[in-house]
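Chemist: The primary structure of each chain is shown beneath.
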Amino acid sequence: MRWRRSTDSKMFKNFPFFPEQASAQAAQVDAIYFFMVAVTAFFSLLIAALVVVFAIKYRRRHDAEIGVAIHGSIALELLWSFIPLVIAMVMFGWGAKVFFDMYRPPAGAMEIFVVGKQWMWKAQHADGMREINELHVPVGRPVKLIMGSEDVIHSYYIPAFRVKADVIPGRYNSLWFTATKPGRYHLFCAEYCGTKHSGMIGWVTAMEPAEYQAWLGGGSTTASPIAAGEKLFNDLACSTCHLANGTGRGPVLSGIFGKNVELQGGGSATVDEAYVRESIVNPQAKIVNGFQPIMPTFQGLVTEEQILQLIAYVRSLSQQAAGAPAGTPGS
Amino acid sequence: METVSYLNDGHGLKSWLLTKDHKRIALLYLVSITAFFGMGGLFAMFIRLELLTPAGDLLQAETYNKMFTMHGVVMVFFFLIPSIPAVLGNFLIPIMIGAKDLAFPRINLISWYIYILGGTFTFVAALSGGVDTGWTFYTPYSTAAANSHVVTAALGIFITGFSSILTGLNFIVTIHRMRAPGLTWFRLPLFVWAHYATSLIMILGTPVIAITVLLVGAERVLHLGFFDPALGGDPVLFQHLFWFYSHPAVYIMILPAMGVMSEIIQAFSRKNIFGYTFVAFSSLAIAIIGFLVWGHHLFVAGQSVYAGLIFSFISFLVAIPSAIKVFNWTATIYKGSISLESPMLYALGFIGLFTIGGLTGLFLSTMGLDIHMHDTYFVVAHFHYIMVGGAIMGYLGGLHYWWPKITGRIYAEIPARIAAGLVFIGFNLTFFPQFIAGYLGMPRRYHEYPPELQVWNVMSSAGASILAVGYAIPLFYLTYSLFAGEKSGADPWGAKGLEWEIPSPPPTSNFEVTPIVTHGTHQYEPSREVGIA
Amino acid sequence: MPNGHSHAEHYPGPLHNPPVKGAAAGVPHHAGHEHHPKLQHHFDSMDQQLEASYLGMWVFLVTEIMFFGGLFMAYLMYRWANPSAFQEASAHLNKAWGAVNTVVLIVSSLTMAMAVRSAQTGAKAKTQVAWLVATMIFGTAFLGVKYVEYSDKFTHHLVPGPHFQWTGQYPAGAEIFYSLYFMMTGLHAVHMIIGLGIMTVIAVMAWRGKFDADYYTPVEVSGLYWHFVDIVWIFLFPLLYLIGAHYGAGH
Numbered sequence: 001m002r003w004r005r006s007t008d009s010k011m012f013k014n015f016p017f018f019p020e021q022a023s024a025q026a027a028q029v030d031a032i033y034f035f036m037v038a039v040t041a042f043f044s045l046l047i048a049a050l051v052v053v054f055a056i057k058y059r060r061r062h063d064a065e066i067g068v069a070i071h072g073s074i075a076l077e078l079l080w081s082f083i084p085l086v087i088a089m090v091m092f093g094w095g096a097k098v099f100f101d102m103y104r105p106p107a108g109a110m111e112i113f114v115v116g117k118q119w120m121w122k123a124q125h126a127d128g129m130r131e132i133n134e135l136h137v138p139v140g141r142p143v144k145l146i147m148g149s150e151d152v153i154h155s156y157y158i159p160a161f162r163v164k165a166d167v168i169p170g171r172y173n174s175l176w177f178t179a180t181k182p183g184r185y186h187l188f189c190a191e192y193c194g195t196k197h198s199g200m201i202g203w204v205t206a207m208e209p210a211e212y213q214a215w216l217g218g219g220s221t222t223a224s225p226i227a228a229g230e231k232l233f234n235d236l237a238c239s240t241c242h243l244a245n246g247t248g249r250g251p252v253l254s255g256i257f258g259k260n261v262e263l264q265g266g267g268s269a270t271v272d273e274a275y276v277r278e279s280i281v282n283p284q285a286k287i288v289n290g291f292q293p294i295m296p297t298f299q300g301l302v303t304e305e306q307i308l309q310l311i312a313y314v315r316s317l318s319q320q321a322a323g324a325p326a327g328t329p330g331s
Numbered sequence: 001m002e003t004v005s006y007l008n009d010g011h012g013l014k015s016w017l018l019t020k021d022h023k024r025i026a027l028l029y030l031v032s033i034t035a036f037f038g039m040g041g042l043f044a045m046f047i048r049l050e051l052l053t054p055a056g057d058l059l060q061a062e063t064y065n066k067m068f069t070m071h072g073v074v075m076v077f078f079f080l081i082p083s084i085p086a087v088l089g090n091f092l093i094p095i096m097i098g099a100k101d102l103a104f105p106r107i108n109l110i111s112w113y114i115y116i117l118g119g120t121f122t123f124v125a126a127l128s129g130g131v132d133t134g135w136t137f138y139t140p141y142s143t144a145a146a147n148s149h150v151v152t153a154a155l156g157i158f159i160t161g162f163s164s165i166l167t168g169l170n171f172i173v174t175i176h177r178m179r180a181p182g183l184t185w186f187r188l189p190l191f192v193w194a195h196y197a198t199s200l201i202m203i204l205g206t207p208v209i210a211i212t213v214l215l216v217g218a219e220r221v222l223h224l225g226f227f228d229p230a231l232g233g234d235p236v237l238f239q240h241l242f243w244f245y246s247h248p249a250v251y252i253m254i255l256p257a258m259g260v261m262s263e264i265i266q267a268f269s270r271k272n273i274f275g276y277t278f279v280a281f282s283s284l285a286i287a288i289i290g291f292l293v294w295g296h297h298l299f300v301a302g303q304s305v306y307a308g309l310i311f312s313f314i315s316f317l318v319a320i321p322s323a324i325k326v327f328n329w330t331a332t333i334y335k336g337s338i339s340l341e342s343p344m345l346y347a348l349g350f351i352g353l354f355t356i357g358g359l360t361g362l363f364l365s366t367m368g369l370d371i372h373m374h375d376t377y378f379v380v381a382h383f384h385y386i387m388v389g390g391a392i393m394g395y396l397g398g399l400h401y402w403w404p405k406i407t408g409r410i411y412a413e414i415p416a417r418i419a420a421g422l423v424f425i426g427f428n429l430t431f432f433p434q435f436i437a438g439y440l441g442m443p444r445r446y447h448e449y450p451p452e453l454q455v456w457n458v459m460s461s462a463g464a465s466i467l468a469v470g471y472a473i474p475l476f477y478l479t480y481s482l483f484a485g486e487k488s489g490a491d492p493w494g495a496k497g498l499e500w501e502i503p504s505p506p507p508t509s510n511f512e513v514t515p516i517v518t519h520g521t522h523q524y525e526p527s528r529e530v531g532i533a
Numbered sequence: 001m002p003n004g005h006s007h008a009e010h011y012p013g014p015l016h017n018p019p020v021k022g023a024a025a026g027v028p029h030h031a032g033h034e035h036h037p038k039l040q041h042h043f044d045s046m047d048q049q050l051e052a053s054y055l056g057m058w059v060f061l062v063t064e065i066m067f068f069g070g071l072f073m074a075y076l077m078y079r080w081a082n083p084s085a086f087q088e089a090s091a092h093l094n095k096a097w098g099a100v101n102t103v104v105l106i107v108s109s110l111t112m113a114m115a116v117r118s119a120q121t122g123a124k125a126k127t128q129v130a131w132l133v134a135t136m137i138f139g140t141a142f143l144g145v146k147y148v149e150y151s152d153k154f155t156h157h158l159v160p161g162p163h164f165q166w167t168g169q170y171p172a173g174a175e176i177f178y179s180l181y182f183m184m185t186g187l188h189a190v191h192m193i194i195g196l197g198i199m200t201v202i203a204v205m206a207w208r209g210k211f212d213a214d215y216y217t218p219v220e221v222s223g224l225y226w227h228f229v230d231i232v233w234i235f236l237f238p239l240l241y242l243i244g245a246h247y248g249a250g251h
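Protein chains in written order, with my numbering: chain A, 1 to 331; chain B, 1 to 533; chain C, 1 to 251.
Among the hints, a few may not be true.
Restraint-style ranges between C-beta atoms, simulated for each label pair [what the hints assert, rightly or not]:
| no. | chain 1 | residue 1 | chain 2 | residue 2 | range |
| --- | --- | --- | --- | --- | --- |
| 1 | A | Ala-75 | B | Tyr-113 | 48 to 54 Å |
| 2 | B | Asp-9 | C | Tyr-54 | 26 to 32 Å |
| 3 | A | Leu-236 | C | Tyr-147 | 41 to 47 Å |
These are calculated hints, taken from the structure and not from any lab test. Note that the Cβ used here is the ideal one computed from N, Cα and C, for glycine as well.
Put together the whole structure using the sequences plus the hints.
Modeler: Below, the structure is given as C-alpha cells:
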C-alpha cells in the first residue's frame, strides 16, 4: 500500500483551510496567521498534556489523601508572565507592521469608486466603466477603492486578497490591494446591514493587464466619473459661484484639491475627498476664510455616487493627476 | 425530623417571592436564568438548522436575522452576564465571608425583579416579531433602517442593566464591610476575589451601555441625531460607546467562571492554589486593563491607526493575567490528590478550552490579521470558546460542585460525567470548524453561504445537536436528585472553605455563631484547623 | 460549640466595630435583643450598617457618574467637531435662567446639609422637616424654571426633529447641540424628580420622629444623592450655557 503525501491529498484541494493567496498582502497575512496557529497549538497542547498527565499521575489513591503543600514560586510566576509577554509583543509588532503596509496605498494606485447600498455594491472605474456586485481589476497593479455608503454601514471584504474595510455613511473609507493571480474571487458584505446582508455578495475578477484593457475598452457607455462630475457641476449650477477667474462668490476650485485652506473662525483643513463631500452636504461646517456662508446644502439632492463623481471632477482641476493620497481605512 | 434550613424556613409562594434571604434569591435567579438559557438555545437551534445547507431555505432572511439577534441578546444579557454572580455569587459570597446575608438584602430581591421586568420586555419584543439588528445594534441601521422592535428590546436591556449594577454594588459593599473578624483580604477565597473584580466592571461599565441604548431609543423615537449621519450624528461614536461597555462585559462573563475554577481545582486536588496572590491580583488586572481595549472592535471601522495601535497593544497585555491563571491552575494540579468527579471534569475542560479561546483572541488583536478575520466566523468561534467553553463550563461545574450545599442532595455521578463528556465533545465539534470557516472567509450573520463552506457548517450543526443533549441531561438528574437524591452532609467532597463548615442545606442565617477566621480559608495541610476556630 | 470569646481576646479582627451588646462576634445570634430598633439583623452593629449604607450610596454615585459620562463624551466629541456651531447655538439659551437655577441648586444643597446636620444633632422633628421641605421647594423651583425654558424652546422651534428651525449660520450643528441639551438637562431633570420623591419619603420619616443623633443614615445618604445631582448641574451649566460667553460681550 502506498501512502500519499498529505500535500497530494485531495482533502486539501476539496477542504482548504485558507483561501487562495491572490494578492501581494495575502502571503504576509497568512505568514503571521500560521505563526499564531503554531503558538496556539503549542501552548494548548502543552497545557492539555500537562493537565492529562497530572490528572493521571497524581490521581487520588485513597479517600483521605491530600495534595502536597506547595504555595507558589515567584520565579515561576515571573517566568510565565515574561515569556508570554515577549511572545505577545512579537505578535503585536509583526501585526502592526503588516497593518501599516496594508494601510498606506502606494502613490499612483489606480482608483475605483465604490458605493454600498442595501443590498448591492456599485463600482465605477476611472474611465466610466460601471459594475454592480462585480469588480474587475488588473493583476500586478495597486488598486485603491474609495468607498461610501448610501444608507447603513456595510463592509467590503475580499477574502482571497485578505482585505476588508467598513463602508460607513457620512464618510469615506478606503482599502488597497495588488492582485497577483488572475481568477474569480468572492466579494462579501461583512457588516450586518439588514434583510439581504448575506445576499450582498459578488465576484472580484483579476485579469492580466491586457485582458483588463480589453474589458475596459469594450463596453463603457457611461461617462467617466470626471466627465459625469463635470456635467453635474454645471447642471447643479455650482459653476455660477465657483468661477474659475476668482471673482465668484465661492472659492476657486482649480488647484485647490490637496491644499490646506484657512477656515473662518480659525483653524485650517486639507481639501481632500472628505472635505469636498462635507462641503457639498453640510456647507456651513467649514467655510473658507473670507467667503460668505451662503452655499446651499445639496444633501438629499445628490446620491453618494454623484458626490464621488463631483469629487473626481474637482480633483481633476488640480495640477497633480492622482490627487493627494487620502489614506486607507481612516481618512 | 427535619432540621430547619433556608429551604423549609417559610412555605408558600409569598415566602419565596418576597424573600430577603440571599440563598432563596439565588434560586429565583437559577430558575429564571435556566428559562432564558433555554430560550437562547432555541434560537441557536434555528441558526444551526438553517446553516446545514448553503441556501437560505429553512427561514426567511428576515426571520434568520431575528434568530441570531435574539440569540445574542438573550444569551449575553439574560444568561451569561447574570448567571454565575446572580446564582452562585449570591448564594456563596455571604457564606464564604462569614456573614449572614449580603449588605442590602432588599436591593438583592429588587435586582431579581428588575431582571424579570427587563426579561419580560425582551420576551415581548421576541413574541411580537423580534429584533433584527444583531445584539450589537449598530447604527444607523438600528436607529433608522430596521423596522423591528428595536425600542422594546433596547428598553429590556436598559432595565436589566440596573439588575447588574445593583448586584455589583451589593457585592462590593458586602465584601468591604461584612467580612468576618480575621478575614483579611488575602485570606479571601479566590471566588470572592473574582466576584469583586467582576463587580467593579459591573458598576463602572453597565451605566455606559445604559446611556447608549437610551440614546438609540431617543434617536429612533424622537429623531435626536446622535448616531445617524443623516441627522448629523456619527455612527462610529455609537460603536465606541457600545464597546466601551461590551468589551469589559465579556470579562463580567468570564471572571466569575475563573473564580469557580480556582475553587474546584483546589477542592478536587485537595491542595491550595499555586500562587494565590498572583491569581487574586490577576482578576483585578483583567478588570482594569479590560476597560482599555474596546477599540480592537473598530480596527476596520476607520478609527485612527494610532488609536488602533494602542488598543492592539493593550489587548495583548490583557491576555497576560489570564495566562497567569491558566499556569497557576495547572501548577495546582501538580502533586495534588486528583479525583475526577463531574465538577473537576468541567474544570479541566475549561482549562483547555479557555486556553484555545484566549489565544484565538490574540489573532484578533493582531491588527494586520484582524482585517481579514473581523466579522467572520473566526470571531464567532473565538467568543464561543470563551463564553461556552469557558463561562458555561464554569457555571455548570460550579452548579455541580455546590449542588449538595445548595440543595442538601447528591446527584447521580454517572449521568453527570456522561453529560460533561457530551458537552466537551459536542462543543468542540460545534465551534472548532467555525475557526476554519472563518479564515476561509465566511462572514458572520449570513444565512446563506458559498457551497464550499458547507462541510464545516454541517460539522458545526452536528456538534450543536450533541451539545444540546449534553445540556439537557443535567436538567433531569439534578431535578431528580431534589426528590430522590442521597442526602448530603456538610462536606461531601472533602473540601475546605467556610461554606463546607455549615450544614447542607444551610440554615437561613448561615452561621449560628459569626466565625472568627485565623488562617486562609483553604488550608489542606493536615496540621492546621480551618474556619470556625 | 467552641467558645468564641478566647479568640476574640487574642485576635481583634480587621473590622473596627465596637462590640455592641448582644451582637458581638462569637455570641450566638439570638442572645438578647438589646440593640437599636433600626439595626437590621444581618449586620453585627449599627456602625457596620451605617458604613455599609454610605459605601453603597458612594458606589451608586460612581455608577451615576459613568451614566452621565457617556453623554458628556458625546458632547465632547460633537463640540470638538463643531465649535462654532455650538457657540452659536448656546447663545440662544437664557443665561439668566441658567444662573438662577445654579444658585437655586446650590442653596438647596445648603438646606440639605442643614437638614442632615439637624438630624445629626438630634434637633426637633419640626426643624428637620423644615430644612427638608426648604430643599424640596428649591428643587421644585429648579424644575419650574426648566419648564419655562423648555416651553420657550418649543415656541421658538428649537426642539430637534421635524419641527426644528434654525435661522443662524450652522443649522446642522445647532440641532446636534439641542439634541444634547435636551438629553442632558432632561436626564438631569429626571434625577431631580427622583430626588424630590426621595425627599418626600425622608421628610415623612422625619415628621414621624425617626431620625436622631443615633440614627440619621437615610438623611445623610439622601443628602449625598442630592449633592450629586447638584454637582452634575454645576458641570452642565457652563458647558451648555456659557460657551464663548465673556464678561461684557453683547449678544
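Chemist: Next step is simple, just say for each hint if it's right about the structure.
Modeler: Here's how the hints hold up against the structure:
1. A/Ala-75 / B/Tyr-113: 48 to 54 Å: holds, 51 Å
2. B/Asp-9 / C/Tyr-54: 26 to 32 Å: Taking Cβ atoms as reference, B/Asp-9 and C/Tyr-54 lie about 31 Å apart, which means the hint holds.
3. A/Leu-236 / C/Tyr-147: 41 to 47 Å: holds, 46 Å
In summary, the structure agrees with every hint in the numbered list given earlier.
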